[in-house]
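A.B. asks: With the sequences and hints as input, model every part of the structure.
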Amino acid sequence: MDELKKCLGDLEKYSFPMQKKSEHGRSQNDRGIARLLTSFGLGLIAIGTGGIKPCVAAFGGDQFHLPQQQELLQQFFSIFYFSINLGGFVGMILTPILRKSITCFGEDTCYPLGFGFPALLMLLALLLFMLGKPFYRLKTPKENVMLRFIQCTSYALSQKIKNKNVKYDHWLDFAKDQFSNKLISDMKTVFAVLLLFAPLPIFWSLFDQQGSRWTFQASRMDGAAFGTQILPDQMQVINPAIVLVLIPIFDRLLYPLLNRIHILECPLHRMAIGGVIAGSAFLSAGILELVLETTYPDLPYKNKASFNFINTLPCDVLISNPVNGIQTLCASMLYRLKNLPAHNNTKYSIMVEAPISCGNLELVNEKFNLEIVAVALQIDTILVAVNNRNKIVTYVTEPIDFKRSLNGKPKIRIVYIGHLQVLHNVTVSLANDEGLSDIYFVDYYNNENLAISAYLELTPGEYTYTVQSEENQHLYKNSTNLELGGIYTLVIRQHLDRIDFAKVYTMSPPNSISILWLIPQYFLISVAEIMFGIAGLEFSFTQAPKCLKTVTIAGWYLSVAVGNFFVIIITQANLFRSQAYEFFLFAIFIVVDMIVFTEMAIKFKIKVPEPDSSEFILENEEAIPLLEPASILVNKCSLYS
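Numbering-wise (our numbering), the sequence shown opens with residue 29 and increments by one.
If you are wondering where the hints come from, they were derived from the structure by calculation, not from laboratory data.
Hints are not guaranteed to be accurate.
List of simulated lysine to aspartate or glutamate pairs, EDC-like, C-alpha gap at most 16 Å [said to hold, decoys possible]:
| id | residue 1 | residue 2 |
| --- | --- | --- |
| 1 | K531 | E490 |
| 2 | K375 | E399 |
| 3 | K505 | D466 |
| 4 | K505 | D528 |
| 5 | K574 | D90 |
| 6 | K574 | E171 |
| 7 | K188 | D205 |
| 8 | K505 | D461 |
| 9 | K190 | D201 |
| 10 | K167 | D90 |
C.D. replies: Right, here's the structure in full:
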């Protein structure tokens, strides 16, 4: 869900939209069409992968003679999983490079190339796959197996409902009068495997949070490492990289050693241990989150509100408030009034007092009274300024948005206090050393003297901000450093025809804890994936009847989808204020889930793979066999012996 939102959100460019202009002349209607086409493309991807995934693993497994080549089959699933992660690893590295290195259609980046190049590779892969047809073992069903499967299931259920007084050992036996004993026996095996898959979605609900919750966690960490800046979404590369390194180690070294002492010989053993290791990854994530929470901004409590006071005057002012009396606010400083009771938009009276001689200003009044409205869980900013008649005034800005960007980039907004009648067509531009710049066209609210930009996400680094107008192209110029994860406000005050005040305020501190602390949890989840994913695919194939292997593998991938749905339910329920407690909850879920899975696995009777000669429903076509039958292997996997 979070990744889909991010994907759709990439279609819209961030701009300073005091004027609701679309970048490069794009209309809102164009964006709507772009979103529609993107959704259509995602739908095609979903349909395509839904058709490919259950078939490709089953097709690969069909190339082996079982049970003689079961050891080769185990190696195949390791290589198969290796190739999947290799593709993911290369794609995560190559696609951003292609997207950023070339410009197209008037944009700074080229998303069409980022998507188009992988599409061409997919077409090339399909061509190579078709060229290998003479070498494949092709097993063609004599009848529509899926249709027979559905017919038999529905008929057995209907007969069970109609004949409540009739008792059978298994509910599928109600279909004996219409369907063959072989099909019913195969279907009993399939349903037994699918029942064993029932606890599996919990694992995938943990695993797939790498692209959502863990990426958000990375966005609140310092990406500076090894002389470069690691962005949060780049951390996802770690998982396939670790998997690529560990698969050969597990396949060639660890598993053979463990098999000698009869440990983790069975796929179900490996899956259970892999699930527990996934729980330890989330335990690590939860502990890290507790540490990160000490660096988060100090937000108001429930039914409380806070206010920032910023003094743009060249002298100290006094702030009188009903909570803690009188506070001195030095020139250019920020003071936060924290956790005021905010029930039904409670109102408070505030008095601002300044000396008549205020720096280079001669004020016409010493005091200014204002009424503020406290909105629960909100932080508003009050600017103490002066108008063109040297009278103390205050301005209340829109609430601060403390939500960090998905990519962890710093966010900044511009607050401009000016005079509409004095300077015209005022712009504020921010530019870094790489030549990237953004321009904000000052546009006042309702002809007042306050203008506020939207938040802009920028690449971390040093920025020069320049103020220009139609009358003066060199009004003001200064620089500031924007760090990863920081949330900033640039306050500029114009007095008559000059800029009297400009300062960047840090509303939320930048990330301070190294992003490298994520590596332990990524390592653990990668180990869990190897033990759980590869063993699960192998189990799905070897324990299914030959005519229904695609059904069991489809059930395996269905558990992934259910796991994603489970994540949505938990996250949308918003059970905890702290993300750490949610991580701990998932860790508890997977441990309990693996206990249930182990109990179910103990009762499951592992079967030796069905030999080729016992096929009743499939007919073989093998033009040029790639693999010759090997010696028969003894099945050592047993959870009930």
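A.B. asks: Now tell me, hint by hint, if it's right for this structure.
C.D. replies: Hint by hint, here is what the structure shows:
A hinted pair counts as satisfied when its Cα atoms are at most 16 Å apart, and K531 with E490 qualifies at roughly 15 Å. Only pairs whose Cα atoms come within 16 Å are accepted, and K375 paired with E399 is accepted, the gap being roughly 7 Å. Distance check on the hinted pair: K505 and D466 sit about 15 Å apart at the alpha-carbon level, within 16 Å; holds. Among the hinted pairs, K505 with D528 is consistent with the structure: their alpha-carbon atoms are about 12 Å apart, no more than 16 Å.
For the hint pairing K574 with D90, the CA-to-CA distance comes to about 9 Å; that is within 16 Å, so the pair holds. Of the pairs offered as hints, the one joining K574 and E171 holds, with about 14 Å between alpha carbons and a cut-off of 16 Å not exceeded. Straight-line distance between C-alpha atoms of K188 and D205 comes to about 13 Å, which keeps the hinted pair within the 16 Å bound. For the hint pairing K505 with D461, the CA-to-CA distance comes to about 15 Å; that is within 16 Å, so the pair holds.
For a cut-off of 16 Å, the pair hint linking K190 to D201 stands: about 14 Å separates their Cα positions. Restraint check: the Cα-Cα separation between K167 and D90 comes to about 8 Å, which is no more than 16 Å; the hinted pair holds.
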